[in-house]
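Peer 1: Numbering-wise (numbering that gives the first Met the number 0), the sequence shown opens with residue 0 and increments by one.
You can take every hint at face value.
Okay, derived cross-link-like pairs now, BS3-like style, lysine-lysine, Cα gap no bigger than 30 Å in a straight line:
1) K62 to K83
2) K25 to K62
3) K25 to K6
Beta-carbon label-pair distances, calculated as ranges:
4) R112 to E29: 12 to 20 Å
5) G80 to G56: 16 to 24 Å
6) D31 to G80: 29 to 37 Å
7) S13 to G79: 32 to 40 Å
8) A15 to H51: 36 to 44 Å
9) K6 to T75: 18 to 26 Å
10) S13 to P49: 32 to 40 Å
11) A15 to P49: 32 to 40 Å
12) G80 to I46: 20 to 28 Å
13) R64 to L44: 18 to 26 Å
It is worth saying that the hints were derived from the structure and are not from the lab.
Cβ atoms here follow ideal geometry from the backbone N, Cα and C, with glycine treated the same way.
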Amino acid sequence: MRYHGTKYRSGGTSAAGFDCSGLMVKTFQEHDISLPRTSQEMSRLGIRLPNHEIKKGDLVFFKTRRGVISHVGLVTEVQGGNIKFIHSSTSSGVIISSLNEDYYRRTFSHASRIL
Numbered sequence: 000m001r002y003h004g005t006k007y008r009s010g011g012t013s014a015a016g017f018d019c020s021g022l023m024v025k026t027f028q029e030h031d032i033s034l035p036r037t038s039q040e041m042s043r044l045g046i047r048l049p050n051h052e053i054k055k056g057d058l059v060f061f062k063t064r065r066g067v068i069s070h071v072g073l074v075t076e077v078q079g080g081n082i083k084f085i086h087s088s089t090s091s092g093v094i095i096s097s098l099n100e101d102y103y104r105r106t107f108s109h110a111s112r113i114l
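Sequences and hints are given; from them, build the entire structure.
Peer 2: If you want it as structure tokens, here you go:
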């Protein structure tokens with residue numbers, strides 16, 4: 000959450016600006032965990048989860064371009080059926096959104112647990 004409010008930057012992997020996968024790489028790197036550089040590569044890692052097993056720290060993946068994984072976020076909170084995640088949005092930078100929002104509900108692919 001320390002990067003909340005950081006601007007979006009294509010290819011960005013630092014506090015100067017992040018893209019979605021760069022934010023995940025940096026966040027996990029701070030905990031000595033290496034992730035691949037793209038959301039599509041990340042989506043192949045870990046254990047896929049049914050929605051009712053999603054918890055804080057899991058990655059959520061979205062098919063935002065032509066049916067392929069092209070966006071990733073990190074779950075920050077789960078309250079009942081409301082799953083919130085931090086991610087870097089092209090329009091707003093690093094923000095917290097909900098899987099209940101129409102756009103994310105429509106493009107959601109799956110969640111994975113890396114740890």
